[in-house]
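Start from the sequences and build out the full structure, keeping to the hints where you can.
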Amino acid sequence: MSRWGRKARPPPGFDYLEPTLAALEAELREKVNEGHEGKRKNESLWPVHQINWQRSRYIFDMFYRYKKISREVYEYCVQMKIVDAALAAKWKKPGYEKLCCTYAINTKNFKFGTTSICRVPKHVLNEGTVVEDTNCGCRGCSSGEQGEKNIFGNKYGQYLAGIQVRRERKQAKLEAAEAASAKAEAGVWAERGGGEDDEEEEEEEEEEEEEVDDDDEGEEGGGGGRKGKAKRSGQEDTDNDDFEEDEDEEGREHKKSKAL
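So the numbering used here is basically just the index in the sequence shown, starting at one, shifted up by 1.
Read the hints as simulated data drawn from the structure, not as lab findings. Among these hints, one or two may not hold up.
Derived CB-CB ranges, DEER-like [as the list claims (entries may be wrong)]:
#	residue 1	residue 2	range
1	K32	T103	19 to 25 Å
2	E19	T115	38 to 44 Å
3	G188	V79	20 to 26 Å
4	A185	V49	51 to 57 Å
5	A185	P95	31 to 37 Å
6	V189	A90	56 to 62 Å
7	G36	Y160	25 to 31 Å
8	Q80	V189	52 to 58 Å
9	P95	K174	30 to 36 Å
The C-beta atom is built at its ideal place from N, Cα and C for all residues, glycine as well.
Here is the structure:
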């Protein structure tokens with residue numbers, strides 16, 4: 002059982018998020034136990050704030066932008082404090098779509114009632130101005146096209162939901178292409194098999210026709226033989242009749258000679 006299921010059983014669909022959340026949890030544990038030598042006091046806590054932002058943004062985008070999880074799963078994540086509810090609520094408002102943390106917009110945390118420098122649009126700042134929030138290390142989370150795409154400038158500023166969805170779409174396209182290729186190949190083989198069957202049928206028909214022709218020739222030859230035999234028998238009968246007539250004539254002549 003995962004650590005999130007100890008207090009309340011996760012709803013159906015939470016397993017879709019669990020591998021990424023487990024990886025972020027392990028990363029957070031590693032950063033907490035990491036040494037702080039050579040770092041400023043606030044800088045040692047930057048990874049904690051950044052991983053919290055990335056984890057919250059991952060679940061927020063999966064629900065509101067990509068519709069990959071249900072509201073039940075999202076509310077469960079809020080209940081289990083996997084999502085920073087206060088930060089996610091700010092993301093829904095115009096101008097705060099990429100807010101790094103609620104600390105940056107709390108005027109009580111800064112002199113003269115202002116906000117963090119990371120909230121100032123980039124085109125308003127003087128050229129060469131270094132932007133870096135002291136609390137979380139944000140390099141600029143103002144809205145607009147000129148704002149930073151990766152607000153932390155490292156792997157924790159990446160939008161994991163978008164990366165995962167693009168990978169899934171790419172994998173789906175590859176699988177669809179492979180399926181189409183396999184189907185086309187199967188169709189080609191089917192056509193080739195059908196052509197071979199047709200050739201075999203044609204050969205069998207030709208063989209049958211040749212056999213029929215041979216039988217017809219045999220019958221004609223047999224008829225010719227019978228005709229020849231009939232002719233020969235008729236000729237023999239004619240010769241016999243002629244021989245008998247000659248014998249009768251000779252007999253009559255012999256009788257005449259005796260009478261004389």
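Taking each numbered hint in turn, which are not upheld by the structure, reported in ascending numerical order?
3, 5
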